[in-house]
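*Asks:* Sequence:
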Amino acid sequence: MKGLADKIFYDPRMIALMPSAGIIIDYTLTFIFAGGSGNIMMYEFSPIMRLSAASGLIFPVMLVIAGFYYFAALTGLKVLLKSAIYPFGVAIATIVMLTHIMGAFSWIIKNQAYAYTVFGMSIMMIIIAFTAFLYSALLKKGAICQKYIQ
1 MKGLADKIFY DPRMIALMPS AGIIIDYTLT FIFAGGSGNI MMYEFSPIMR LSAASGLIFP
61 VMLVIAGFYY FAALTGLKVL LKSAIYPFGV AIATIVMLTH IMGAFSWIIK NQAYAYTVFG
121 MSIMMIIIAF TAFLYSALLK KGAICQKYIQ
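Numbering (our numbering), first residue to last: 1 to 150.
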């Protein structure tokens, strides 16, 4: 019988909520910690966040991005669900969430090493995606080779 953790892990709907929650937390904390739209427009790294702050549309933009993240993650995780690389998808969704949350805290943790850590998390996502791709390619190559050997 599966435990609660397994049920959550293998439910793409639950895992897809993580990147969406990350963006909502990121935008909310950024707006709170930055002290207003002026600081966001001056110091924020994200051009989408700067543009939404300049136009006064932070909340609607946040909802659109959170919706996009949810449906993109849900689609990808559903495709991967029965595959050997599903855990890579879960790892990427988790890192997206953590990167956004850590990015929001960079407004109060003004340290270069911390900024590099947040950037490193983004690089880690790319490495995990590339590793999953290679792993998948090697699995398919192995399956093709086995077909011709027998």
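By construction, these hints were calculated from the structure, which means they are not laboratory data. Heads up, some of the hints might be wrong.
Quick list of in silico lysine-lysine cross-link-like pairs, DSS-like style, CA-CA up to 27 Å [as the list claims (entries may be wrong)]:
hint, residue 1, residue 2
1, K78, K140
2, K2, K82
3, K7, K110
*Asks:* Work down the list of hints and note, for each, if the structure agrees.
*Replies:* Against the structure, the hints:
1. K78 x K140: Measuring from Cα to Cα gives roughly 19 Å; hence the hint holds.
2. K2 x K82: 16 Å, holds
3. K7 x K110: Roughly 38 Å separates the two Cα atoms, so the pair is violated.
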